[in-house]
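Chemist: Protein chains in written order, with this note's numbering: chain C, 1 to 294; chain R, 1001 to 1294; chain X, 2001 to 2327; chain E, 3001 to 3259; chain F, 4001 to 4259.
Since the hints were made in silico from the structure, they are not lab data.
Note that the structure is predicted; figures quoted are calculated from it, not measured.
Positions of the beta carbon are idealized from the N, C-alpha and C atoms, including for glycine.
There may be inaccurate statements among the hints.
What the hints assert, rightly or not - Now the stretches of chain E that chain F is said to cover, found in silico as 3 or more residues with beta-carbon under 8 angstroms:
hint, stretch
1, 3034-3043
2, 3138-3144
3, 3243-3252
Unchecked claim - To be clear about the criterion: a stretch of chain R counts as covered by chain F if any three or more of its residues have a C-beta under 8 angstroms from a C-beta of chain F, and this derived list gives those stretches:
hint, stretch
4, 1180-1187
5, 1205-1217
6, 1274-1288
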Amino acid sequence: MASDTLTSTARADAEISGLDALEIAGRDKELSRATRIWAATWPKLAALAIAILAWQIVVWSGWKPPYSLPGPLTVGRELVAQAQGPQLWEGLLTTLRRAAVGYVFSVAVGLLLGLAVARSTVLRAAIGSMITALQTMPSIAWFPLAILLFELSEKAIFFVVVLGAAPSIANGVISGVDYVPPLLLRAGRNLGARGINLYRYVIAPAALPAIVAGLKQGWAFSWRSLMAGELIVVGISQTSLGAQLTYSRELSDAPWLLSTMIVILVLGLVVDAAFGAADKAIRRRWGVLDQAGQ
Amino acid sequence: MASDTLTSTARADAEISGLDALEIAGRDKELSRATRIWAATWPKLAALAIAILAWQIVVWSGWKPPYSLPGPLTVGRELVAQAQGPQLWEGLLTTLRRAAVGYVFSVAVGLLLGLAVARSTVLRAAIGSMITALQTMPSIAWFPLAILLFELSEKAIFFVVVLGAAPSIANGVISGVDYVPPLLLRAGRNLGARGINLYRYVIAPAALPAIVAGLKQGWAFSWRSLMAGELIVVGISQTSLGAQLTYSRELSDAPWLLSTMIVILVLGLVVDAAFGAADKAIRRRWGVLDQAGQ
Amino acid sequence: ACGDDSEGAGGSSGPVTLRLGYFPNITHAPAVVGVEKGIFAEKLGANVKLDPKTFNAGPAAIEAVFSGALDATYIGPNPTVNAFSKSKGEAVRVVSGAASGGVALVVKAGINGPQDLKGKKVATPQLGNTQDVAVRYWLKQQGLTTTKEGGGDVKIVPQENAQTVETFTSGAIDAAWVPEPFVSRLLNAGGKVLVDERDLWPDKKFVITNLLVSTKFLKAHPDVVQKLVDGQVAANEFVNSKPEEAQQAISDAIGKITGKPLDLKLIKQAWPTLEFTNDPISASLKTGLDHAVEVKLTEPVDLKGLYDLTYLNKALKAQGKPEVVQP
Amino acid sequence: MTSTTTTPESATTAVALSGVTKVYGRGANAVLALDGVSLDVAPGEFVCLVGASGCGKSTLLNLVAGLDRVSGGQIGLAGGASPGLMFQEPALFPWLTVEANVEVPLKLRGMPRAERRARVAELLRTVHLNDFGRKRPHELSGGMRQRVALARTLALDTPVLLMDEPFGALDAMTRDILHDELERIWSERKLSVLFVTHNVREAARLADRIILLSSRPGRIIYSTEVHIPRPRRIDSPEVAAIAADVTERLRTEVGRHGQ
Amino acid sequence: MTSTTTTPESATTAVALSGVTKVYGRGANAVLALDGVSLDVAPGEFVCLVGASGCGKSTLLNLVAGLDRVSGGQIGLAGGASPGLMFQEPALFPWLTVEANVEVPLKLRGMPRAERRARVAELLRTVHLNDFGRKRPHELSGGMRQRVALARTLALDTPVLLMDEPFGALDAMTRDILHDELERIWSERKLSVLFVTHNVREAARLADRIILLSSRPGRIIYSTEVHIPRPRRIDSPEVAAIAADVTERLRTEVGRHGQ
Ligand SMILES: Nc1ncnc2c1ncn2[C@@H]1O[C@H](COP(=O)(O)OP(=O)(O)OP(=O)(O)O)[C@@H](O)[C@H]1O
Ligand SMILES: Nc1ncnc2c1ncn2[C@@H]1O[C@H](COP(=O)(O)OP(=O)(O)OP(=O)(O)O)[C@@H](O)[C@H]1O
Ligand SMILES: [Mg+2]
Ligand SMILES: [Mg+2]
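Using the sequences and the hints given, assemble the complete structure.
Modeler: Here it is in structure tokens:
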């Protein structure tokens, strides 16, 4: 019987991996801050190293000519050169400003649309399914309409961005509202929350995880729409990341294209970190992150 | 006191609107099938009618010349003409086939990626944030790589589609897994579900709503990527919806562009209906749809 | 600040804004130079404000013209025809030419004649566009068949020019009939010129860029259009007389817009294949259309009324240059 | 599908149910949860509902609270204010701390901040959780959660209180203490209480009147007034006697259903 | 952070806890939920755990079930199989019907389909829910859900059973019936049971041994063997006597904490 038990113990330990490990993450708490930062960092560094190494090996293998597939070193040098000039930064600034404005608009429209559709049965029946349909419409299809409505201004770009991102955010809201536990809804109503208060005190916080997921997807949509939309009109003396991406491709400048992609990826990582932090905060509050105690 | 009560009753009834009405949807059950279908249909028809009317009024107002903004009638005639020729149907078929294949690939990759990242702490730290970053990368940035890897085959299109859609699906999975109620996880583990079984019996069903939401967003991404990606290999042997969308624009053929957009919207509506049905089935099972009882 | 809100066919009173579109591209050299060197601004005078807009491709420019967001634009022959025919001859007029030439069939090493193209893939920028028609017509003359769907003796693969370089280097295509600067770029990627399109045309001239104005603007502000055409003539004068400076200006302009100056070497390489002429070479446009009809890519289009060269001829006359024939 | 909320017959009735029927589901799956329940709760009366598991007690409270529609019959409420309901499950908001949970009804009533704080502290003291205000629901034990829910319901300050097994997860001692607290609040505020419990002694300890519900369909089968003078003790012989009587009736009823 | 599961001292111990300590949280917020709890459950023994709300009973069961890590001390289990735990909340899977919920552990054990069906039907009969197999959890009353959870835990067929207030939401009659059922299963299968309850009579009715836990930190403060011969009746004087004794001790303990 003794050996039996030992076996079971060993098995149990082996099984405590993956999600199970996550679940008993409580013990991580005792680890020092430095250890935790290192634990979060080394896999990223390792992944980066592996990716670069693999890339370099493919380049060394001579599979494709260097002007078609430049090595990490070439791209790195290009990136450094770009970073030293003003153009990259100006373009980045323009694009980030547009991204911020466009995203804020999209969030406002998406949240309102989502709430309206989730709240009203008639609206849901009328335009609910339109939301997903709109989401599938490629940005370029909106360009003529954008120009028609806003001529060649930045507003046209925002229009395309909002049409790209708002449906996705609205869908997040709708899905979140749909899955609010009925018990909490009833509790809220019994506590005197009606109308807007029910949203403020119960539905919005309960739907928050799904809303954040929708906001994240919405960011991706808005960013992609922006990259396309920035080509509607390229400022005469104003560069943008979207323009750089397209022109680097049109000029078949592989190192430039790749370095622009790296810039986009880095931005994506930064934004993801923000969303990740928000999500983690929610999960901690809800008690689903630190699943050690229940 | 009597009047007091009556007031309160009236208020309560007035408040039973919107979401509250949804919540006591139980009484809808007594309505006949026909009534329910009509209730679901008339708002759609009304919305359609309003949209077309508004469009027609704008056209009548002469705000923009008809070659810039054609009226519903012109577009309708164009659509009928298109529908009578083989080109639209061939293109539709090609695109739908590609969409199906691309989406199936994306779903497979997205689910696996999502599960892997959600399950493994190391993987999550390493590439978790890369997923959102990848999502924000516009499709055109992948074209060179796609061509490098797959030349001018349909595989190149699928590559772009998968890179566009899989991250979004993976994000849905991750967010779903992250929010599985700890109590259910513990229950599952105590009932003997370990490893893959824990996923099969607890995590997957518990995360299903978020996964479906992710699949829906993923569809939008994959469709948009497809519309762009279809330009990689235009007319090698067949036309496609993506090509038609671009050509109609390049030919400045507004009626054609609008009728192509309508086709895309209709497809979007059909797909949304499928997702809507799935979502409704889940909500009914979970007891969050029919919130009358409990 | 739109040009179209002041009525009256005579002259313009008060300040007018001219919204002018062009591509930051070597085939649009007169436009780039005209804007960069202030030639347009000078000719337009104090009363007209120039609002230049750059585009990446034709459709957006035409959409802008159609919707009244743009008054004039430099553009290729294909969008020109589309804009004219889709608006039933209403929306636009060509008031001047800008550039000719700069198109060639670049092939891989080992292809030495038309017959070697059998079974090969040839890229063109877009199904039914000028180059696409040209290659199909040329192949037909060589006795080779093509189909719209990419079948026949030679497989025509329409794709974006940007992609053509990728596919050419990766070996996915064997040849491409493209405009500059892609010709030069393909040459640098190991290709060679099999056909210079200039050799297929009388006087080695065919239109690659012309200047389009919206009919509405033309009616409202003929004086401004005259000044614009004056500017175009002056810009071409500059481009042809000071090529070095023009080349540098193009490189810089592209750098400002895209974030990276265009390689001067590439511009210099492409330069001789282009001719910057004020003649819109209307005959080449018409012939191109006839060819398109012949290879069954379009229905016949009536181009009557597309050209309004009175302003150009006035400008040329003032400079003592030979006038062009109004078609 | 008759009307729902109407005026109770007279001012001497706080809650009036007449012929209330509730059917869940449709067709073959329909469950008749309540069948013609008529019941008046006088202002200031403490009524305990007892019945077998699944007999429709929670359903009844939900109907009175206006969270569900009756399938037939009428429910009348005096005074306009909707009653406060303490659910069978704690139903706490997981995203709020204990304090914030209790604060919600006060905020919704628009009580000023300082007053709110004092009230929350007082309520948490009432349920003996003053040290746990900053915790989140998932950090509490089952009984603690139930007490937070109690505090939150008391914060509602409604004249009618509906309580669905409020002390089910509590040990006997804590329960005794809370019985005293509840009785104090009830008499101070002159509340009308409809109280569901499985503990017959608890019912005898608290109630002015005990009502017995039968199972599927839920019908009132017995009603008895408890005339033991207050303060009462749960282990007093009078309480035990009443409890024994009710238990006996309950046993017959449950036995009749073959359970 | 010492090791968790080890071999119990001898084959005569089904569950062995020695010096088990559990701390939740860190730093100033740390809660010492259990402090040096040592306890042996013999094979076939029925042990009841009693204690005030929040004293650490659920924590203890979670630790024994291996769902949490101890902060100190050791837990040993005989026989390898992990124990079955009935949670304080029903913890049913909302996406499954009642039948399917009960079926999960059987499926996970790889029981063939036909056998599974028969077993599920039998278990639902045991908890008197044979008519409700096709319903979903949200269509059940609180007590019904608890009974489904009981059936699901029984389906596990583990030699050690941990039960956290399994009958808390049930009326006295149903509870009595389930006491009998549980006792029957326990003696037939020779189970070792660790049973948390607030109902001291219930403990006296079922237990071989009653253990009393103190509050914050949770420590064993009293342990008594119940020698009343079985079958017992919950309203028998012997049970009442034991219950009175334990209640008295509990009162002292809770009183000591000023509740
Ligand atoms: N996840 C957690 N995080 C922090 N503290 C916790 C957690 N779970 C429980 N606790 C604390 O541990 C103590 C014991 O909780 P436990 O749930 O074991 O009590 P219990 O004896 O089961 O009480 P009850 O009878 O009310 O269910 C409580 O003070 C509680 O606040
Ligand atoms: N949402 C629902 N849909 C269908 N049936 C329901 C629903 N809610 C309750 N029921 C049924 O109504 C009956 C009464 O349920 P209710 O919850 O009122 O019982 P209860 O008296 O509160 O029982 P318990 O003491 O176990 O909590 C039960 O048979 C139950 O199955
Ligand atoms: Mg109930
Ligand atoms: Mg507990």
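Chemist: Each of the hints needs a verdict: does it hold here or not?
Modeler: Results of checking the hints against the structure:
no.: 1; hint: 3034-3043; result: violated (count 0)
no.: 2; hint: 3138-3144; result: holds (count 6)
no.: 3; hint: 3243-3252; result: holds (count 3)
no.: 4; hint: 1180-1187; result: holds (count 4)
no.: 5; hint: 1205-1217; result: holds (count 3)
no.: 6; hint: 1274-1288; result: holds (count 4)
Going down the numbered hints, you'll see the structure goes against just number 1.
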